[in-house]
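Visitor: Model the full structure from these sequences, guided by the hints.
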Amino acid sequence: MLKDFFQKKKTYATITSDKAKRDIPEGLMTKCSKCGAILVTKELEKNAKVCTGCGHHFRLSALERIQCTLDDGVIVEYDSDMISLDPLDFPGYKEKLAKSTEVSGMKDAIITGEGTIGGFPAVVGIISFDFFQGTLGSVVGEKITRAIEKAIEKQYPLILFSTSGGARMQESILSLMQMAKTSAALKKLDSQGGLFISVITDPTYGGVSASFAMLGDVIIAEPGAAFGFAGRIVIEQTIRQKLPDNFQTSEFNLKHGQLDQVVHRKDIKATLTKLLDLHTVPNRSDV
Amino acid sequence: MAGELPFELPLIELRGKIEELRKFGSEKNIDFTDEIFRLEERYASLEADLYSDLTAAQKMQIARHPGRPTTLDYILHIFSDFCELHGDRLFGDDLAIVGGIAKLDGLPVTVIGHQKGKDTKDNILRNFGMAHPEGFRKALRLMKQANKFNRPIITFIDTPGAYPGNAAEERGQSEAIARNLVEMAGFQVPIICVIIGEGGSGGALALGVGNRVLMLENSIYSVITPNGAASILWKDASKADQAAEAMKITAQNMLQMEIVEEVIPEPKGGAHKDLINQADAVRQALIRHMGELTRMEQAELSEDRYRKFRAIGEFTFQD
Chain A
1 MLKDFFQKKK TYATITSDKA KRDIPEGLMT KCSKCGAILV TKELEKNAKV CTGCGHHFRL
61 SALERIQCTL DDGVIVEYDS DMISLDPLDF PGYKEKLAKS TEVSGMKDAI ITGEGTIGGF
121 PAVVGIISFD FFQGTLGSVV GEKITRAIEK AIEKQYPLIL FSTSGGARMQ ESILSLMQMA
181 KTSAALKKLD SQGGLFISVI TDPTYGGVSA SFAMLGDVII AEPGAAFGFA GRIVIEQTIR
241 QKLPDNFQTS EFNLKHGQLD QVVHRKDIKA TLTKLLDLHT VPNRSDV
Chain B
1 MAGELPFELP LIELRGKIEE LRKFGSEKNI DFTDEIFRLE ERYASLEADL YSDLTAAQKM
61 QIARHPGRPT TLDYILHIFS DFCELHGDRL FGDDLAIVGG IAKLDGLPVT VIGHQKGKDT
121 KDNILRNFGM AHPEGFRKAL RLMKQANKFN RPIITFIDTP GAYPGNAAEE RGQSEAIARN
181 LVEMAGFQVP IICVIIGEGG SGGALALGVG NRVLMLENSI YSVITPNGAA SILWKDASKA
241 DQAAEAMKIT AQNMLQMEIV EEVIPEPKGG AHKDLINQAD AVRQALIRHM GELTRMEQAE
301 LSEDRYRKFR AIGEFTFQD
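Just so you know, the protein sequences line up as chains A and B, in that order.
Position one of the first sequence corresponds to residue 1 (the numbering used here), numbered consecutively onward.
Position one of the second sequence corresponds to residue 1 (the numbering used here), numbered consecutively onward.
Any given hint could turn out to be false.
Below, in silico cross-link-like pairs of lysine-lysine (BS3-like), each with a Cα-Cα straight-line distance of 25 angstroms or less [to be verified]:
1) B/17 x A/242
2) B/235 x A/99
3) A/96 x B/235
These aren't lab readings, by the way, just hints derived from the structure by calculation.
Guide: In C-alpha cells, the structure reads:
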C-alpha cells in the first residue's frame, strides 16, 4: 500500500518533469522510450544501452556496436571512402544524404571490415539506423557484396548486423536490385561452405529483411526488435487488419519459426563466439 | 469500347464526333466524305502524339488497366500443352501465383507468374496478384523441379507487391522472398523473366532474378508503388503521379539503367488492345532469347546471372 503510494507519486513527478528536465544538463539523463524510467546516461552506456529498468534495448550506432562486439573494439575497415551518388536526380536526395552524414558522422549507412570476436577472425558488416534509417541503397548493397566476396576469399565467417527502414526509395530500382545482388553473392558463399550469421536489431524491414537478413545459416535477434517485411502501419493502412500487440517483435518471430534465438545484447558477443567456435573443426591431432 | 483511361478522353471524344457525323450523313443522305477524312487524319495524328510520349503516370495507368493481359493469357497464347501444378507442399496453394510445365515452340519449360484476377471475384481469390509466402514457395518448388530436369524457367511478373498482412508475416514473407532470390541466383538452367504489367517491389523481384529480364513497353518496375512512395516521402498518397516520374519506373528507364535487356513494343494504347499480336511479340522474344541461352553451359548460366546483378549500383569514392 505504502509502496503503491510512492509509485503513484513517482509517476506524478514524471508528468511534470518538464521543469526537472530543464534543470538537468543536456545528456546527463536519458529517458527510456519504453518504460519511461529516467536513467543516468553514463550508467546506460555502461550497460550497452540496455535499460536497467525494463531491459529495453536502445538502438546502437555502428560504432557503438563495434565497441561492444569486436575484440578491443577494433575493426579493419573495408571501402571506408565509398559514398552514394544521386543516379536518378531524385528531388531532395542530395540534401538528405548531407544531413544524414551530419547527424551520424558516417559516409553511408554501413561499416564493413574484418576483426576478431572472441579471438575468431570474421568479416563483419554493421548497418547504422542513424544514417538515412539504415536504408538499402547502392553503397550498402555494394559494401555488403564486397564483404561477402572478402569472406569467400579469406575463408572467414561473415556476420552482418542488420537494422533498416527498408529500401532507399531515392535510388528506386537500383535499391531493389541490391537485394538480388547481395543474395547472389550469399549464394556463392553458401556453395563454398562459408558460414553466415545474421544478427537482427531494431528495426529491420522491407528490402533488408527480405534479402540478406533472413539468409543467415543462423539468425539471432535482440529482444524486442521490430522486424518483418511490411510494417504495422503499412498493413493497417492497406488491409485494415487488427494486429496483435507483440506483432513483429523478435519474440513473435521466434514463436513463428523465423529465428534461431533471441539474445540479450550483453550475451551477443558470447553467443557469436560460441557459434564461431562450433563451426571450427579441430585438427585431428589436437583431439 | 470499354476501359478507356482518363488521358485517352480527347481520342474518345473525337471518335464520337466522327461516328456522329457519319450517322448524320447517312441519315440525311449528305456526303461528308471529305470532312470525315480530315477528322480521321486528325484522329491519327492525335493518337500518334498521345501514345508516342506517354508519361510515367500514364504508363502506370496502362500497366494497371483491368483488361491488361495476365500471366494465364500469355501462357495460353504462347505455349502448348500447359500442365498447371499447384501448392507449396508446406502450407497451401496460393492462387496469386500460377505455374506449371508447358512447351515453348516444342521445348519443355517451367512457366510461373503472378496472376491478377479478371474480375472482382477472381481478384479476391487471387489477392490482386499479391502473393503470400506459400505463393513464393510454390514458385520455388517449381523452379527447383525445373533445375532438376534441366528445364528452362520463364516467369511473368505482374504484382503490386507481396501481400502485406499478419498471416503473411507469421509464415515468413521476408524469408520466402529472400530464399527465392538466393536460389534463383544459383540455378543452372536458363531463366527469362518478362515484366508484363506491374513490377512491384520484392514481390516482383522474387520471380525476377533472370539471365534475361524483358519488359513490355507500358509496364513498370519499382522498389515501392508510387502511391506508397508518395505517402512516405511527402505524406500524400495523391502525389503518386509525381512519385512515378521521380522514381523512373518505365521500361525505357529500365533499359537505360541496364536493369532489363529488351523492351517489347505494345500496340497503340497498350497490350489490352490486341492480345493476340502482343502474345506473339512476347513469344518471338522468348524464342530468340531462349535460343541464345540454351547454347550456354550449365555453370555459365549461373555465372552469367551473377555478373548481371553484380554490376548493378551507382556509387563513388571520396578521398
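Visitor: Determine for every hint whether it applies to the structure shown.
Guide: Now the hints, each set against the structure:
The hinted pair formed by residue 17 of chain B and residue 242 of chain A fails the criterion: a straight-line CA distance of about 52 angstroms is larger than 25 angstroms. Taken as a hint, the residue 235 of chain B and residue 99 of chain A pair is honoured in the structure, with Cα atoms around 20 angstroms apart against an allowance of 25 angstroms. The straight-line distance between the Cα atoms of residue 96 of chain A and residue 235 of chain B is roughly 16 angstroms, inside the 25 angstroms bound, and the hint therefore holds.
Checked against the numbered hints above, the structure violates only hint 1.
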